[in-house]
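**Q** In this note's numbering, the protein residues as written are 21 to 176.
Treat the hints as calculated values from the structure; they're not laboratory data.
In silico DSSO-like cross-links for lysine-lysine, where the CA-CA straight-line distance does not exceed 27 Å:
(1) Lys160 - Lys131
(2) Lys160 - Lys146
(3) Lys131 - Lys146
For each label pair, taking beta carbons as the anchor points, the in silico distance ranges come out as:
(4) Met112 - Ala32: 53 to 63 Å
(5) Met112 - Gly40: 41 to 51 Å
(6) Ala56 - Val82: 35 to 45 Å
(7) Thr170 - Leu21: 22 to 32 Å
(8) Cys58 - Gln91: 21 to 31 Å
(9) Arg130 - Asp171: 12 to 22 Å
(10) Thr126 - Asp171: 15 to 25 Å
(11) Gln91 - Ala37: 20 to 30 Å
(12) Thr170 - Pro57: 32 to 42 Å
(13) Val82 - Ile50: 33 to 43 Å
Every residue gets a Cβ at the ideal spot worked out from N, C-alpha and C, and that includes glycine.
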Amino acid sequence: LVYVGGMPVEQALNVVAIDGARLGDELMRIGYSGPAPCPGVVPHAFVELHIEQGPMLEANDVRIGAVTSVQGISWQEVTVIGQSNHAGTTPMSLRHDPAYVAAEITVFLRKLASEFGGDQVCTVGKIDIHPNLTNVVPAKATLTLDVRNTDESLLK
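With these hints in hand, go ahead and build the complete structure from the sequences.
**A** As structure tokens, then:
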């Protein structure tokens with residue numbers, strides 16, 4: 021952010037990480053703190069070498085590729101509240117099971133990606149069930165959703 025004028029240098033140096041480390045102190049510790057102006061040398065272009073993170077180049081026997089688009093990302097966390105009960109004595113018709121709803125959301129996202137087609141991808145990356153016990157209808161399910169598309173308007 022400092023390089024493109026989005027944040028003053030002093031403010032950036034005072035940013036504190038989740039482990040409590042201050043950016044300025046860490047730059048000093050590793051020998052990267054110094055008097056060079058920001059921006060210093062302005063490059064003509066950037067080249068980022070990167071391994072393929074998906075299967076498409078290898079599947080098509082392509083040895084090298086060039087990025088032609090960037091995916092927009094929408095990350096969300098969804099919490100579904102239900103009613104915890106004993107799994108053996110609560111009739112199916114009386115259950116308010118958030119794990120079931122979490123599964124329905126997962127299936128819905130998969131269908132949504134298929135319907136949109138193209139570059140649309142959706143992932144439920146994590147599901148936390150509480151209390152996470154074998155013989156208990158859960159009280160709560162929390163899901164993380166990762167929805168991506170190269171067309172940002174489709175993420176809304």
